[in-house]
Every structure is written in structure tokens, then in C-alpha cells.
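Protein chains: 2
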Amino acid sequence: MAVYTDVTDGELEAFLSAYDLGALLSFKGIAEGVENSNFLLHTEAGYFILTLYEKRVAAGDLPFFLGLMEHLADRGVRCPLPVRARDGEALRRIAGRPAAIISFLDGMWLRRPQPQHCASLGRALGEMHQAAADFPLRRANALSVAAWRPLFALSSERSDEVEPGLGEFVARELEFLERSWPDALPDGVIHADLFPDNVFFLKNRLSGLIDFYFACNDLLAYDLAVCLNAWCFEPDRSFNVTKGRALFQGYQSVRPLTAAERDALPVLARGAAMRFLLTRLYDWLTVPEGALVTPKDPAEYARKLRFHQKVGDAADYGLGLR
Amino acid sequence: MAVYTDVTDGELEAFLSAYDLGALLSFKGIAEGVENSNFLLHTEAGYFILTLYEKRVAAGDLPFFLGLMEHLADRGVRCPLPVRARDGEALRRIAGRPAAIISFLDGMWLRRPQPQHCASLGRALGEMHQAAADFPLRRANALSVAAWRPLFALSSERSDEVEPGLGEFVARELEFLERSWPDALPDGVIHADLFPDNVFFLKNRLSGLIDFYFACNDLLAYDLAVCLNAWCFEPDRSFNVTKGRALFQGYQSVRPLTAAERDALPVLARGAAMRFLLTRLYDWLTVPEGALVTPKDPAEYARKLRFHQKVGDAADYGLGLR
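For the record, the sequence lines run as chains A and B.
If you're matching positions, the first sequence starts at 1316 in our numbering and goes up one per residue.
If you're matching positions, the second sequence starts at 1316 in our numbering and goes up one per residue.
Keep in mind the hints are simulated off the structure, nothing from the lab.
Any given hint might turn out to be false.
Unchecked claim - DSSO-like, lysine-lysine: derived pairs with alpha carbons at most 30 Å apart:
1. B:K1611 to B:K1625
2. B:K1625 to A:K1370
3. A:K1611 to A:K1370
4. A:K1611 to B:K1625
5. A:K1625 to A:K1611
6. A:K1370 to B:K1343
7. B:K1343 to B:K1611
8. B:K1518 to B:K1611
9. B:K1611 to B:K1370
10. B:K1611 to A:K1611
11. A:K1518 to B:K1343
12. B:K1625 to B:K1343
13. A:K1518 to A:K1370
14. A:K1611 to B:K1343
15. B:K1370 to B:K1343
Stated by the list, open to error - Quick look at which bits of chain B chain A covers, simulated, 3 or more residues with Cβ under 8 Å:
16. 1320-1327
17. 1334-1340
18. 1411-1423
To be verified - Just a few of them, taken from the derived set where beta-carbon distance is under 8 Å, the chain B residues facing chain A:
19. K1343
20. I1345
21. P1451
All figures in this text were calculated on a predicted structure; none of them were measured in a lab.
Even glycine gets a Cβ: it sits at the ideal position worked out from N, Cα and C.
Model the full assembly from the supplied sequences, consistent with the hints where possible.
Listed below in C-alpha cells is the structure:
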């Protein structure tokens, strides 16, 4: 939950005067998103989201994120569409922050996704990858394999506070990942954070993808590996192969994986687990005492990583030959 | 900002099936309100607010609050209207909490109200007092003069941490208030918490009063004293007599004050300042280290109290004879 920056009525009126959205009718902070401040905006033109980009988002990346959403929406991907002001610009400033208005997407995120939802997710991810293929801007993945060792260095001394032996476990796994990370797989624009709370459904139909603020250029199959971790494990931490199968079937109905991608999946899944393990570990160890926001449990991702270490090949994820 | 209780999509679907509101389209936590969890709810029937009542609100008081909103809305007061389910009940349960759906009110709260807004506020308060005159339920004010000494006892030992000498200052003032508190003034249902963030405006027109969860039976003029403190001081802490005059003119255009009410205003204003000083003092001293929510400054209300101690009579607030 997050509203970090307050916006006064005067600032908002001035900001909106650059747009053709009619009079302001309502404005409420939304308790979603952990990186930015989000507001529900109601004007005579309808309902919108106003996002203020807080300091964890680099201002230089915003043209990539906003351009990508517009590019995808233009190609039929259901995602928020940035609203341009009368001067053609979607990226503006309010209350000392970069800010943009995006369209309001109906839909609910699923607390307990089922296999059919994993299939829809896979299809939508494949469609997103295809629609982004001709997106002209580039952004490196700041949280890929090269970043993991320096990220771990920020938490390594205290990592055993989370779980005895975790530091040694991560150090060994990092060596493996750095040695084994694939580099010749198909790449393109990936979402990189497609957790259930970033995917909306309406009556079991996928109605939109949101939160493109980790999107970047990287291996396409790595995006699938992120989803595998985020969607296909049960609350009891066991892997649900039916969900895995559905995810891959959905994805491959749009874009079949190459043999090399299939072979690399266990390594990619270990890397995706490492990436979220490390950011959660850092957040866990740096959260202020007594803070209202409970950081997410890094141990969940250590367990997923151990599962992937034991996987023989992609068939164990439910990925059959096509 | 607050969403204390998460609601799953399954719980929400089941909850909504009791209403005639059509299919669920969207559901987002709102970062407003410090006592309850509030969600923006979009269904085929429109936009609504779903409120889950957290433990600081006594479940036994909810029929009073919801009944009052319905009573006022029926009489033309612009305030949220509780939505009844098909069985006629507006008060239900979800996620283990009492809950209600209320109508969504357009409007913005003013960060910097001007005298014209104080006049509108006064008028709306007078209209609310009149519209509530025949409301049949009763609820005692749990935060009136009798409650202040026990409330202070929870913070008295540490009150000098906020400001040297504050404990002694409050103790002396409590003696004065207990001795001087009026009891024969006109009473009725009061809002008791009509701060700027509970009053919506659209293009300088008052569009609604919200958050009736402190409403109770008490002296009508005490409600005005709460507003005087909350609306008529400047950011530099000085009293703005133009705003005071506007507030009273607005109120008296609907319901003229009696001579006894006018005479009692300085004492009522001291009491209203004491009530918010004490709850802020308690919150200030009990907030967890490192919490994301900054508690409101109790010293602001100590300063207002000192101002009222020096007031000669109600004319100093801008309250002229009519």
C-alpha cells in the first residue's frame, strides 16, 4: 500500500489544465503499488489513474515504460494506455515528481489463480512478447545475473538471520548461475514482474496486464520463468505441475519455445528465484522496526530455488514437446 | 492511509451476491481513513465505497452511523448513502469484519480552505443539525469532557516528551474544563470530526460530508467549535477571523445560535482543542518506532488551546450579533 506524495487540490487543477479531460470530479489515493504513488482520478472524461513516480524509479526510464504501454495498447494488448496532454506529452510533473495519467483498467487480481488462469496468463505473455517485438526503445535488465552478486553483498553478512545457512546457499548458487547463465536465447522486451497482482481478470477472462515498471530487454523465456515461480506454486509451497503445463501451453499457443529455451528452463527458473530471493532478502533486512508494511518472505524463494535445483528437465514443469 | 484487511476475490463475489449491483468490475484499496479499511468498488451498477469496520469502531455503533447517513441523505444532506442488499440490510459481514457498501461521492477535500468554503461548511453543518433533529437513535459522545481525564492518564507521564510543561498545562486546563463545561445548551446529533478531509467540494461548491464514524449526541455548538479549530487557523498557527466570521455566518443563516451558546463558545473551543490534543498525544506516544504513518502533531492543538484561553468572548472569533 502506498501513497508517498500528497497532491494539493491547487496543484492538481493546474496539472489537469494541460489535458482535455474536463473538470475534476474526484481524486483518491490508492493503496496499491509499492514503488510509486497512485491516485484514482475521476474527471468529466471518465476514470483514470494518476501515477507519481517516486525515487526508486529512474526518471530516465519513464519514456521506455510509457512508450511501451502505448506501443502494446496500440497493438491490442490489454494494458493501461498513457493519456497525452494537449501538447502531445504523456510524461509531466506534479508535486515535484515525474507523473503520468493512464487509463483505468477494470478487473480484479486473483488471490488464488487456477490452471485456466495460468493458461490465459501464458497466452497473454506470448502476445505481449510478440506485440513488443518492434518496440524501438531499449532498457537493460538492471536485476539480471550480473546484478545479483553486488545485490547479495548488501545483505550477505546478515542473511543467516533469515534462515541458518542461507548465506552459504546463496553464494554457492550464485557461482552456478554465473557459470551456467544462457546468453544465446531469443530476447526481446519482457515484463519481468508478472505476479498475480499485476494481472487483472473479469469473470475468469484476463482483462489486463499492469505495472510495466520493471520491463526491460532480456531473454523472453526468463519472463516465463518468473511467472512459473509466481503462479505455479501452491500456498503449501509445492509445485503444481497442472498449472505449469497450462502456463506453457498458453504461451506456446502464441509462440513455441525453441529447444534451447526448453533446455535452459531449469536454469532460468533458478535465476528468477534468485532475483526475487535477493530483493526480498534486502528488503527484509532493511525494513524499519515497527513498519506497517510487512516485507515479503525471502525464505519462500529459497524454497522455490531448492525445488528447481532438483528438477531434471523442463518436462518436470509440465512442458511437453509440441 | 489504510487498508488493514485484505479481501479475496472469492469473498467479494460471495458478498456481492446479496446485492442487486450487477457484476463486479473492479476493486481497489483506498489510502484514506485511519480507522477502517476502504475500497473503491466498481460494478455494473456504478462506483461505490466498500468499508470494512476495523476493531476501533464498536460494532454496536454501526446501526447508528449507517442509519444516520441514510436519514440525512433522505433529507437532502449530501452524504454517502448506505446501499441495502436484497434482504433490506445495509450492515453485513465480509472477511470476518462488519462491512457496508455506501454510495461514491464526487468531490475533493480542500488542502487550503478559504473563507467562502468556511461559509459553505457552516451552512452545511447547520443543515445537518436540522436534518438530524428527528433521528431516533442515540449515541453518547465517548470523547467528551468526562472522557478526557482518563484519556490523559494514558499519556500524562510522558507528555513532556512532546513539549516541556505540557503535562502540567493539560492538568490545569482539565480542571478548568470540568468545572466550566456547559450542560444546558441545545443538543442533538453532531458530526464531531468535521475536518477539511471530511468535506468535499466541486468547483468551490460543497458536494458532500463524509466519515460519520464519530457522530454522536452532544451540544450542537460543540460541533461548531470543532470546525473553528480545524478550519479557521492558518498554517502559521494564527487565527483567521475572516474565516471564523464566515463559518458562523454560514451556520447562523440556517440556525441562529442562542445567547447561551454564544457565551459558551470560548469554553467549547477550549474543550474541542483539548479533545484532539489528547487523542493526538496518545497516538504520538504510542506510534511504533519507524512506522510509515506519521501521527498528527499534538502541539498544534496545545497552541490552539492557548489561543482560546486568551479569547475574551465570541466576538473575538468573528461571531457578531445577528
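A quick look at each hint next to the structure:
In summary, the hint linking B:K1611 to B:K1625 is supported, as the alpha carbons are separated by about 24 Å, within the 30 Å threshold. Simply put, B:K1625 and A:K1370 have alpha-carbon atoms about 46 Å apart, too far for the 30 Å limit, and the pair is violated. Taking the CA atoms of A:K1611 and A:K1370, the gap is about 21 Å. The hint holds against a cut of 30 Å. Distance hint between A:K1611 and B:K1625 is unfulfilled; the C-alpha atoms sit about 53 Å from each other, more than 30 Å.
Between A:K1625 and A:K1611 the alpha-carbon distance is near 24 Å, which keeps this suggested pair within the 30 Å criterion. Restraint check for A:K1370 and B:K1343: satisfied, since their Cα atoms lie roughly 24 Å apart, inside the 30 Å limit. A hinted pair counts as satisfied when its Cα atoms are at most 30 Å apart, and B:K1343 with B:K1611 qualifies at roughly 26 Å. About 28 Å separates the Cα atoms of B:K1518 and B:K1611, which keeps this hinted pair within 30 Å; it holds.
Restraint check for B:K1611 and B:K1370: the C-alpha separation of about 21 Å stays at or below 30 Å, so the hint holds. Taken as a hint, the B:K1611 and A:K1611 pair is honoured in the structure, with Cα atoms around 29 Å apart against an allowance of 30 Å. At most 30 Å may separate the alpha-carbon atoms for a hinted pair to count; A:K1518 and B:K1343 meet this at roughly 17 Å. As the CA atoms of B:K1625 and B:K1343 are separated by approximately 47 Å, the hinted pair breaks the 30 Å bound.
For a cut-off of 30 Å, the pair hint linking A:K1518 to A:K1370 is broken: about 36 Å separates their Cα positions. With a CA separation close to 20 Å, the supplied pair A:K1611 and B:K1343 stays within the 30 Å bound. With a CA separation close to 21 Å, the supplied pair B:K1370 and B:K1343 stays within the 30 Å bound. Evaluation of the coverage hint for the stretch 1320-1327 of chain B: fulfilled, as 5 residues show C-beta separations to chain A shorter than 8 Å, against a requirement of three.
Counting residues of the stretch 1334-1340 of chain B whose CB lies closer than 8 Å to any CB of chain A gives 3, which reaches the minimum of 3, so the coverage claim holds. For the stretch 1411-1423 of chain B, the proposed coverage by chain A is satisfied: 5 residues have a C-beta within less than 8 Å of a C-beta in that chain, meeting the threshold of three. Satisfaction of the interface hint for B:K1343 is found here, the shortest Cβ-Cβ separation to chain A being roughly 5 Å, below the 8 Å cut-off. Taking 8 Å as the C-beta cut-off, the interface hint given for B:I1345 holds, the closest approach to chain A being about 5 Å.
For B:P1451, the interface hint is violated, the least distance from its beta-carbon to any beta-carbon of chain A being 32 Å, above 8 Å.
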